[in-house]
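Number of protein chains: 4
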Amino acid sequence: MTYPIGIVGFRGYSGEDLVRLLSHHPHVSVHLLEHRADSQDRPRPRRYQGPPRIPCTPDAVREAKLAVVFLATPPEVSMDLTPWLLEAGAKVVDLSGAFRLRSVANYKRWYKEDHAQETLLHEAVYGLPEFFREQVRGARLVSNPGCYPTAVNLALRPLVEAGVIDRQASIVCDAKSGVSGAGRKPSLKTSFCEVTENFSAYSVLEHRHVAEVLLTSQLEEHEFSFTAQLLPIDRGILETIYFRTNSSMSALDILNIYEKSYGNEPFVRLYNPGGLPDLRAIQRTNFCDIGVVCDPSTRRAVVVSAIDNLVKGAAGQAIQNMNLILGLDETEGLL
Amino acid sequence: MTYPIGIVGFRGYSGEDLVRLLSHHPHVSVHLLEHRADSQDRPRPRRYQGPPRIPCTPDAVREAKLAVVFLATPPEVSMDLTPWLLEAGAKVVDLSGAFRLRSVANYKRWYKEDHAQETLLHEAVYGLPEFFREQVRGARLVSNPGCYPTAVNLALRPLVEAGVIDRQASIVCDAKSGVSGAGRKPSLKTSFCEVTENFSAYSVLEHRHVAEVLLTSQLEEHEFSFTAQLLPIDRGILETIYFRTNSSMSALDILNIYEKSYGNEPFVRLYNPGGLPDLRAIQRTNFCDIGVVCDPSTRRAVVVSAIDNLVKGAAGQAIQNMNLILGLDETEGLL
Amino acid sequence: MTYPIGIVGFRGYSGEDLVRLLSHHPHVSVHLLEHRADSQDRPRPRRYQGPPRIPCTPDAVREAKLAVVFLATPPEVSMDLTPWLLEAGAKVVDLSGAFRLRSVANYKRWYKEDHAQETLLHEAVYGLPEFFREQVRGARLVSNPGCYPTAVNLALRPLVEAGVIDRQASIVCDAKSGVSGAGRKPSLKTSFCEVTENFSAYSVLEHRHVAEVLLTSQLEEHEFSFTAQLLPIDRGILETIYFRTNSSMSALDILNIYEKSYGNEPFVRLYNPGGLPDLRAIQRTNFCDIGVVCDPSTRRAVVVSAIDNLVKGAAGQAIQNMNLILGLDETEGLL
Amino acid sequence: MTYPIGIVGFRGYSGEDLVRLLSHHPHVSVHLLEHRADSQDRPRPRRYQGPPRIPCTPDAVREAKLAVVFLATPPEVSMDLTPWLLEAGAKVVDLSGAFRLRSVANYKRWYKEDHAQETLLHEAVYGLPEFFREQVRGARLVSNPGCYPTAVNLALRPLVEAGVIDRQASIVCDAKSGVSGAGRKPSLKTSFCEVTENFSAYSVLEHRHVAEVLLTSQLEEHEFSFTAQLLPIDRGILETIYFRTNSSMSALDILNIYEKSYGNEPFVRLYNPGGLPDLRAIQRTNFCDIGVVCDPSTRRAVVVSAIDNLVKGAAGQAIQNMNLILGLDETEGLL
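Protein chains in written order, with the working numbering: chain E, 1 to 335; chain Z, 1 to 335; chain R, 1 to 335; chain V, 1 to 335.
Treat the hints as calculated values from the structure; they're not laboratory data.
Small disclaimer: the values here were computed from a predicted structure and weren't measured.
Any given hint might turn out to be false.
[Stated by the list, open to error] Using 20 Å as the maximum straight-line C-alpha spacing, the simulated PhoX-like pairs for lysine-lysine come out as follows: (1) Z:K185 to R:K185; (2) E:K65 to E:K91; (3) R:K185 to Z:K189; (4) R:K189 to Z:K185; (5) V:K91 to V:K65; (6) Z:K112 to Z:K91; (7) V:K65 to E:K189.
[Claimed, not checked] One side of the interface only, derived from the structure: several residues of chain Z facing chain R at Cβ under 7 Å: (8) Q49; (9) S180; (10) S191; (11) F192; (12) V195; (13) T196; (14) D234.
[To be verified] Which bits of chain V does chain Z cover? Going by a derived footprint, with three or more residues having C-beta under 8 Å, they are: (15) 42 to 52; (16) 270 to 276.
We treat Cβ as the ideally placed atom computed from N, Cα and C, and that holds for glycine.
This is chain E alone, in the form it adopts within the complex (with noise of 0.2 Å):
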């Protein structure tokens, strides 16, 4: 069985991994869907037959049967587009943050823009699989986590859910990622001459990803530090999570908590203590890597968690997502 799937903004680089990954996606035939023409296409060798182009329209969304559409988009054109294409038929992964919020009020207040789907906003699903996998399954729309909070929220959630952090001390999340996540659209700070040698810190404890991990996470606002910041390398986030847990516990004792959340769990992977990952770990794979150090007599952990921001952050987790939807194995195309 093959599903016809297209593909909105596959010019930028999350939209250019899905086609990559795609393409080896034994079910799905993919189609692009030629929205705006605002960025280039690469130079291509003769003969190179990309996958078929057609017009982003309600028609030709309806005539291509397409079963499911990303939209690797800015949140605004994800508003526009969403209603119609779910409309022609198509169930849609949204990889924008137009849908990740759960009201209004709290997409204002954190994209500091009003929403233009509220309905749309309260029925997507937030599609983080290893905590919703129910709920993606039998949704029209999906919209895939941020990069930063699924590094963040992987780590934090089974920790948080079984009780073990002390929340009167402050839990900080110290985030670094690549320039890809900032898209492919030029800007003086994503310039070669910018980031080469440099690296800086922006968005500090205001940054918009912030809202999903309190909401994921169940955590105060209060409670909770992220600092966002710029690598000089195209992809990868490795995030610094710390904290002090309620009573002594090692580095052992916190693995099994995550053991239990994520035993069968096909993209997360554990470190034994003593080892941490690196963003070479992870790097161009759906994993999500995480590893512990504690001093149990001080009460201190630290977490350190590894996504490809391109990948589990973006285009292979929209893949994932894509798979429940359409009832095929989760790791399809993925491993």
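Keeping the supplied structure of chain E fixed, place chains Z, R and V upon it in accordance with the hints.
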């Protein structure tokens, strides 16, 4: 007036920066002390004349009448050389960790080695001029601070002294360093292909530089979590420091405290609220740049402190100390 | 049908790529042959299971019934291992330079060492499938080409054979390679701080890979100038090749010659006039991408040839050769 | 004596280097001329005081009595500003390509634009001090050479003049440049993710800088092949230049010719046979470093020429020209 000075370890990265910086210093003449030719000289153009080279022996040091000798050497070499250098009439600025801690027991704990020079350990002055300027002026042996501790101590000590940090909540220092901090000796960990497009944490909660922070900023170990991380760049350290304030404070309140400590300091620069230093701001300079973000309503504060690990974190600070020892203007050769 | 195969040198960069690529190959089962543990294993997540490890001995090779063994080892190790591996019934694909030249005298000239296996040197087949496919099919011992020669031979040989190059004017190959081409063994030349933000030429006019170009493209040494240069990147080779044509030719004329040689080749891709490959086009693939610029009025031509030094320049081409040896589809595991 | 000077385009990379270098110059006071605020200022520490800013108008230039104005602007802006700047009594050092060629026809051919200031084009002196020092001293308008041509002209012109190059065989210049050469304006081609771990050729055989080489080194277009290529680094140009000598020559023979031209030059450095410059040797300096490899038996020669594209290739050379114009020591502020 020109002072003859010497450098041991001139082929390493800190040693190279000493040579580079001192070549512009109007009051010293540099001598390279050939100790062990364990690293290659770089290729040089015809007629290149570096500073004169002399043997690393008491006779040569006496004959050259070296006023100050810099040791850009491993701790065990520094312990070997320091006694006879002092004997030969030179003052010593040691860039290794040999003389940074205050007791042999503490040294043993963090460096996992016995200390061979207990008397000198007690005599050595910790060369962080912003706090110990007067002691440095009269010292025979100055222990140049570690690169990581310089950035974090300059950020934390004024706040600890002012009593504004909530010490029940944890203090976190998430530190990122360029690769030159690991020295010039080849190793797999610092090989190009292992580092480029990568990022990794090491020595989590147990880096030996922590000891210097506890001593200088007067913190207890259980209050302070420190992670060292390797950036895929040549030089620069950026530390993101998280804490909670005792009462509601704005970034401006914190900056006022810094202003009191550093208002007249030539090498500490503050950023107005909304501004933060990146590494570009401080590379190849002796500045420590500090910026602050606060959320007064939740008492969360984030301080970003940036230095060049080879300059304010090593060679530049060593020259600052030399200037103090020799009674010169503290900024000579450094602006 | 599944063939057991073995890899010696699996911790090096070419060896790692062999493991990575073969893990997707449907018709082989990989065995790692523990020869010398001279390099560290990488940290791995819990439950990571790499391929099984067996000793690098005749008994173990026989017992495992290895059909093919890859040698990702230095030349002297390859000379040691090859005789008994063949004896034990395995065919050998050697990635070192041990068996690439056609006489012990030539080997001695370029490698500055005596050759210890003259008979095998004469038996070995040069594994550039685009030109020696049939010989590889029947070979016991395949010598996998060097990375630099693969890119330049694929660019030059069809043109030399077609007789279109003016051999009175010089032919120049200006080659640039990522650092992984130098192997995983730490050295000052491949240390991060020496390579980042740097670029340098080495082995100018005397790189040992020149010998393979002279042999394969049938050029005289005085006609061909070659410079190897180190790019501050992990992987990829781009060669800019300059020559004069005998008569006025357009880029399309040159491309037509390539088309005749490579029209049915799965791993050589051509670019239409106006297009040139960059490294992004070929990284992590087994393709050699070729583009052409000509100025017909002055008979000047420039060809850009790009490969991944670890794939088409090493592990990928080795697998291509293995597929031929085993009678499998040549592209198996490589697309 | 202090001369007031001005800089237009001070936010670009060449402009920033002018400001950086001139801040150490003992005989000038810098003024920033606000022309178009098309690029952002960098974040700065409190109390940062850059040079004073004045409007880019004839009145302001007259009032400030600017002796020299540097134009770090696009060619069309330089053509607009130069006439009235000269009128206002300032001498002009233009870093753009506006005044580098000798005729409007030649400009039209290589820049594909009409030239708006023919008289000034004829008046302008080509500011390569090693060859046109005397003309620069008396000039009102100096056209600062391009970055690529500076490195290749310094390497080729003495050899062409000495008549040692076999002009029947081709002369090849394979040039590689850091990204800052493309300017600070954001574009997809200079975005971090497009450049990092990549390498690419552009403007093959038709780069506009070729025109300057033909003029200055007195070559015919059919004799000289030039390729520009983008290195994944911030700054530095390395050019690998290939030619055949008329008779058998050693590297030392070639170096003796250079020695005659450059024996007293402060900014050209030669390497003994066996040594070659890399980019580290010249970054952030005004040096052009030159090394030679020859194979006398085949008359093949390779010259490696390296400069910092922003210093000897732009700002540094411009200051060298300013020093000549003002009658100062040519090396002032540059060593």
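Going through the hints against the structure:
no., hint, verdict
1, Z:K185 to R:K185, "holds, 13 Å"
2, E:K65 to E:K91, "holds, 11 Å"
3, R:K185 to Z:K189, "holds, 11 Å"
4, R:K189 to Z:K185, "holds, 11 Å"
5, V:K91 to V:K65, "holds, 11 Å"
6, Z:K112 to Z:K91, "violated, 28 Å"
7, V:K65 to E:K189, "violated, 37 Å"
8, Q49, "violated, 23 Å"
9, S180, "holds, 5 Å"
10, S191, "holds, 5 Å"
11, F192, "holds, 4 Å"
12, V195, "holds, 4 Å"
13, T196, "holds, 5 Å"
14, D234, "holds, 5 Å"
15, 42 to 52, "holds (count 7)"
16, 270 to 276, "holds (count 5)"
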